[in-house]
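Chains as they are written, first to last, in full-length UniProt numbering: chain U, 1 to 350; chain D, 1 to 195.
Any given hint could turn out to be false.
[As the list claims (entries may be wrong)] In silico DSS-like links for lysine-lysine, alpha-carbon gap of 30 angstroms or less:
1. Lys40(D) x Lys272(U)
2. Lys181(U) x Lys272(U)
3. Lys330(U) x Lys272(U)
4. Lys330(U) x Lys340(U)
5. Lys330(U) x Lys40(D)
6. Lys164(U) x Lys272(U)
7. Lys280(U) x Lys206(U)
8. Lys272(U) x Lys157(U)
9. Lys40(D) x Lys206(U)
Read the hints as simulated data drawn from the structure, not as lab findings.
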Amino acid sequence: MNLPGKLPRSSLGSLVLIATIMGGGAAAFAYTAGWLSPGRLTPERMIEALTPPGGPPLGYRRNHAKGICFTGTFEANGNGVELSRARVFARGQYAALGRFNLGTPNPNAVDATVRVRGLGLQITANGEVWRMAMINPPFFAVSTPQAFHDLLIASGKKDPDAMKAFIQANPEFGHFAAWAKTAPWTGSYAEEPYHGLNSFIFTDAKGGDHAVRWSLLPAARPVPISQADLEKRGPDYLEPEIAERVRTTGPLRWTMVTTVADPGDPTADPSKAWPETRRKVEVGTLIVQRIEPERDGPCRDINFDPTVLPEGIRVSDDPFPAARSSVYRKSYDLRAAEAKNYPRTGAAKP
Amino acid sequence: MTDVPHRFTLAQRLLHWLMAVCILAMLFIGAGMVSTVAPKYLPLILIHKTLGVTLLALVLIRLALRLYYGAPSLPDDLPRAMKLGARSSHLLLYGFMIIMPLLGLGMLWAASYPVVLYGGVEIPALLPQSDRGHTLLWNAHVYLGFAFFALVLLHLAAGLFHALVRRDGVFATISLVRVRDRTTAGERSLGPRRD
Numbered sequence: 001m002n003l004p005g006k007l008p009r010s011s012l013g014s015l016v017l018i019a020t021i022m023g024g025g026a027a028a029f030a031y032t033a034g035w036l037s038p039g040r041l042t043p044e045r046m047i048e049a050l051t052p053p054g055g056p057p058l059g060y061r062r063n064h065a066k067g068i069c070f071t072g073t074f075e076a077n078g079n080g081v082e083l084s085r086a087r088v089f090a091r092g093q094y095a096a097l098g099r100f101n102l103g104t105p106n107p108n109a110v111d112a113t114v115r116v117r118g119l120g121l122q123i124t125a126n127g128e129v130w131r132m133a134m135i136n137p138p139f140f141a142v143s144t145p146q147a148f149h150d151l152l153i154a155s156g157k158k159d160p161d162a163m164k165a166f167i168q169a170n171p172e173f174g175h176f177a178a179w180a181k182t183a184p185w186t187g188s189y190a191e192e193p194y195h196g197l198n199s200f201i202f203t204d205a206k207g208g209d210h211a212v213r214w215s216l217l218p219a220a221r222p223v224p225i226s227q228a229d230l231e232k233r234g235p236d237y238l239e240p241e242i243a244e245r246v247r248t249t250g251p252l253r254w255t256m257v258t259t260v261a262d263p264g265d266p267t268a269d270p271s272k273a274w275p276e277t278r279r280k281v282e283v284g285t286l287i288v289q290r291i292e293p294e295r296d297g298p299c300r301d302i303n304f305d306p307t308v309l310p311e312g313i314r315v316s317d318d319p320f321p322a323a324r325s326s327v328y329r330k331s332y333d334l335r336a337a338e339a340k341n342y343p344r345t346g347a348a349k350p
Numbered sequence: 001m002t003d004v005p006h007r008f009t010l011a012q013r014l015l016h017w018l019m020a021v022c023i024l025a026m027l028f029i030g031a032g033m034v035s036t037v038a039p040k041y042l043p044l045i046l047i048h049k050t051l052g053v054t055l056l057a058l059v060l061i062r063l064a065l066r067l068y069y070g071a072p073s074l075p076d077d078l079p080r081a082m083k084l085g086a087r088s089s090h091l092l093l094y095g096f097m098i099i100m101p102l103l104g105l106g107m108l109w110a111a112s113y114p115v116v117l118y119g120g121v122e123i124p125a126l127l128p129q130s131d132r133g134h135t136l137l138w139n140a141h142v143y144l145g146f147a148f149f150a151l152v153l154l155h156l157a158a159g160l161f162h163a164l165v166r167r168d169g170v171f172a173t174i175s176l177v178r179v180r181d182r183t184t185a186g187e188r189s190l191g192p193r194r195d
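Please work from the sequences and hints to get the whole structure.
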C-alpha cells in the first residue's frame, strides 16, 4: 500500500534512470549527426576531397568554379508530353537560365587544362522549376559517390600507385580514362554536347513511369582542336569566345534528347551508358540568347541542384542526384557565407 | 476562466504528445540529413520540410488553446527557482517551436530554393535571394536546433523528475494515462479505502 506523501521507491534509482535517458538521448543525437562515425561519407568530407591543396577559393562554388552565365528560352516541341506530365514539356516557350563551366574547383584554371566542361541549367515553366547539371562526357567516371570521393583522394596524391590502386578497385574508371584520352577537344562551349548522365523517372499523364536520361546536343558543328592549340589561345579563352559568338552570330541552340531505358538497363550506375539503339525522343530546344557576366549575373546565386524537379520528374535508384544535392547544398552554404571574399562586381575584377 | 484546471484539456494533452514525437523526429532528421550523401537524404529533407510547416501550424493552434484554457498551476511546495525554471523553459520551448520553422523557411527562400513539400505543395517565397540573409538564417537554424534539442532533453528530465522523484502531480497534468502520485493517491484516499 502507498501512504500519501511517502515515496515508495528510492529516488536515487529514479535519478539514475533520468540521467541514463538524458545520456542516451544525447548519444543517439551525436550518432545521428555523424559525430561518432568517422567513416561516414558526409558532404563536408566530399568537399574536403574537392578542395585544392592551397585551400578553397573562398566565395566560389566548390566545384565547377570557373564559368559564365547565360539567359535564353527552352522551346518545348510537345513530344515530351508522352513521357512526362511536367509542364515544361507542353508545347511552348519557357524561361531558361544557365551557366557554362569547367569541371574544376579552381576558378582561375587555364581552360586547356580542364577536360570536363559542364552546363548548369534552370528552366521555369508556369511556376515549376527544373534544375539540372550536365557535363560533356557521355558517361560518368565512376559508379558510386563513394568511388567519386576515392577518385578525388587518389588523384590528389603524388604517389602514382594511389591511382593504380583506385583503378584496380574501380575498373569502370578505365572507360572514362579512355574517353578523356581520345575524345576531341573543341575551342568553344557552343560545340559541346552536355549529358545529364543520371537517370530519372518521368511520369506521364496516365501515371506511367519511364526511366530516362537526357542530353543537350549542339547545333554548332564541333571543330576539333588539339589541347596544345587551345592552350595557345590563352588561359581564359572560352568565356570571351562564347560571348563574342552570341554577339556576332546570334542565339545558340541545343536539341534536348531524352533516351528511354529498356527494361533491365542499368539506371543506378551513370558510368554505364545505355545502348545506342534505345528509343530517343527530341523534346525541345535550348536557345541561349544572351551571355551574362558571372559576377553579377543571374546564375551566380543559383544552386544547380539536380533534385530541384517539377512534378512529373523524380529521382531514380541512381545514388548520385541525392549525393550531388547534399554536397551542392553545403557548397552553396559555404560560398554564401564567404560572399565578402568573392569579387562580387565586374568593377571589382582585379 | 475563473477556475484553475487540474489537468490540461484532452486536446492540449494530445497536441503536446503529438508534437513531442514530431519535434524529436525533426531534430534527429535534421541532424541526420545534413551529415549524409546517401539516397535517404532526399526523403529525409522532404519529411523535414513538410513536418516543419505542419508543426508551425500546430504550434499556433496550441498557443491559441493555451491562451484560452490556461494551464494548471504549479504545486505550492515547488521551490521558487524551479517555478522560475519551469515558466522560462516553457516560454523558450514555445519560442523555439515558432521560430525554428520560420528560420528554416527563410533560409530556403534566401537561397532561391523552391520550397516544395510532400504532395507537391509549394510555399511561395517571401524573401529575395540574399547571401547575408541566408547565412544568418542558416546559422540560426542550425545552432538554435542544437539549443532546442538541449532544452527538449531538459524538459524531458524535468518531466521525469516530477513523475518519478517529486510525484507532485505536475506530470499528471499533461499525461495521457492516469499516473499514480502523491496528489492522485491523496485524492483517491478520499474515496473508499481498499486496504
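Right, here's what the structure says about each hint:
Simply put, lysine 40(D) and lysine 272(U) have alpha-carbon atoms about 23 angstroms apart, close enough for the 30 angstroms limit, and the pair holds. Among the hinted pairs, lysine 181(U) with lysine 272(U) is consistent with the structure: their alpha-carbon atoms are about 18 angstroms apart, no more than 30 angstroms. For the given pair, lysine 330(U) sits about 28 angstroms from lysine 272(U) by alpha-carbon distance, which is consistent with the 30 angstroms threshold. A C-alpha spacing of about 18 angstroms is found between lysine 330(U) and lysine 340(U), which places the hinted pair at or below 30 angstroms, so the restraint holds.
Taken as a hint, the lysine 330(U) and lysine 40(D) pair is honoured in the structure, with Cα atoms around 16 angstroms apart against an allowance of 30 angstroms. Between the alpha carbons of lysine 164(U) and lysine 272(U) the distance comes to roughly 21 angstroms, so the proposed pair stays at or under 30 angstroms and holds. This hinted pair checks out: lysine 280(U) and lysine 206(U) have alpha carbons roughly 20 angstroms apart, not beyond 30 angstroms. A C-alpha spacing of about 27 angstroms is found between lysine 272(U) and lysine 157(U), which places the hinted pair at or below 30 angstroms, so the restraint holds.
Simply put, lysine 40(D) and lysine 206(U) have alpha-carbon atoms about 27 angstroms apart, close enough for the 30 angstroms limit, and the pair holds.
Violated hints are absent here; each numbered hint is respected by the structure.
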